[in-house]
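With these hints in hand, go ahead and build the complete structure from the sequences.
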Amino acid sequence: MKKNRLRVPVAVILLAVSLAAAAWAAQAWIVEILANPSRFWNIKVTIVGQVRSVQAVPEGTTRGYYQLLDESGPNTLTVRSADLPPVGRSYSVTGIVVQDPAKPDIPVLKEASRSTPGMASATFYILIAAGVVFLVLLIAFLVLLSRPKKKAGETVRPRPQEPARPAARPSAPPAAADADKTVMISPAAAPEGGDKTQVFMSLGADIIVERGPDKGKEFPLHKPIMTVGRPGARKNDIELNDDTVSKDQAAISYDNVRKAFTIANESSTNPTKVNGQVVSGPALIENGATIEMGRTLLRFKKD
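When you line the sequence shown up against this note's numbering, it's residues 33 to 335, in that order.
Don't take every hint at face value.
Cut-off 16 Å, straight-line C-alpha distance, at most; resulting in silico cross-link-like pairs (EDC-like, lysine to aspartate or glutamate) [said to hold, decoys possible]:
#	residue 1	residue 2
1	LYS334	ASP287
2	LYS247	ASP132
3	LYS247	GLU271
Here are the computed distance ranges between Cβ atoms for each label pair [stated by the list, open to error]:
#	residue 1	residue 2	range
4	SER312	LYS249	37 to 47 Å
5	GLU242	ARG95	44 to 54 Å
6	LEU167	GLN131	39 to 49 Å
7	LEU167	ALA88	40 to 50 Å
8	SER234	VAL175	52 to 62 Å
9	PRO303	ASP335	22 to 32 Å
10	GLN87	SER234	22 to 32 Å
11	VAL119	ASN74	20 to 30 Å
These are computed hints drawn from the structure, not numbers from a lab.
Backbone N, C-alpha and C define an ideal beta-carbon position, used for all residues, glycine too.
Next up, the structure:
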């Protein structure tokens, strides 16, 4: 009975944790949306950033578009709104990622709500604190209910002890005739320390260093998003020992639907060039394309 009563608060706690995780998972970065827009089509996300510019459509109204910039990089995301905000203010914007009618490959955020980041965070923490207090009170109340009530004049008698059972006799050793039997050992019972083979997924493309301190190195592309930069706080998938390359230089993304690779510059100080052209947002890279960053020259090779 006590276990059944305790299942209710445990279920409530798990529900609260899952809801908090879902709310946190809704947070997104602009660089992720621009690098792989097909992953976010028609998905509701929340972005915290600063308004850089606004454009009324038609002119003289409060409707139109504005550019939102967050801390993930120098690239902005276009937001469609019915109430344009002032330039320079920071907001927490929630909306659905849709396709630009003029450019289907360009993502646009259709604004659903907008609030000040500080107010939204304070409200979030207040709700969490209130939920924790409610759960504590609920558990205390159920624990009090689960305690057995002693009736007036009732004497609690101890349960009679069961007689001790005789010790089991040790099993007889196997007969000598069984000495020649073959014993099968399951794979799970095999001793630890054996060879373990890790599965390596290849996307059929490589990055080859043709110029720079890491000349001759090859980096196979094996993840949907591969980060590029010199060693630092961020653990890059492609690390370059070039002091003219930023720690957060660029990111190479793979679109599984179009079977195509793109690269986006993530550095605010060092440019990234594809075939000699400076890129900022996601730029398509094809077989044999050159990628320049700092003193390093990379070659994109597709199998």
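To see whether the hints hold, each was checked on the structure:
1. In summary, the hint linking LYS334 to ASP287 is supported, as the alpha carbons are separated by about 14 Å, within the 16 Å threshold.
2. Of the supplied pair hints, the one linking LYS247 and ASP132 is violated, its CA atoms being roughly 41 Å apart against a limit of 16 Å.
3. Only pairs whose Cα atoms come within 16 Å are accepted, and LYS247 paired with GLU271 is accepted, the gap being roughly 12 Å.
4. For the pair SER312 and LYS249, the supplied restraint of 37 to 47 Å is violated, since their beta-carbon distance comes to about 26 Å.
5. Range check, GLU242 to ARG95: Cβ separation about 50 Å, and the 44 to 54 Å hint holds.
6. Against the hinted window of 39 to 49 Å, the Cβ-Cβ separation of LEU167 and GLN131 comes to about 42 Å, which satisfies the hint.
7. Against the hinted window of 40 to 50 Å, the Cβ-Cβ separation of LEU167 and ALA88 comes to about 48 Å, which satisfies the hint.
8. Our hint of 52 to 62 Å for SER234 and VAL175 holds, since their Cβ atoms are close to 55 Å apart.
9. Between PRO303 and ASP335 the CB atoms are about 29 Å apart, so this pair conforms to the stated range of 22 to 32 Å.
10. In this structure the supplied range 22 to 32 Å is violated for GLN87 paired with SER234, their Cβ-Cβ distance being about 44 Å.
11. Between VAL119 and ASN74 the Cβ separation comes to about 29 Å, which falls inside the hinted range of 20 to 30 Å.
Checked against the numbered hints listed earlier, the structure breaks hints 2, 4 and 10; every other hint is satisfied.
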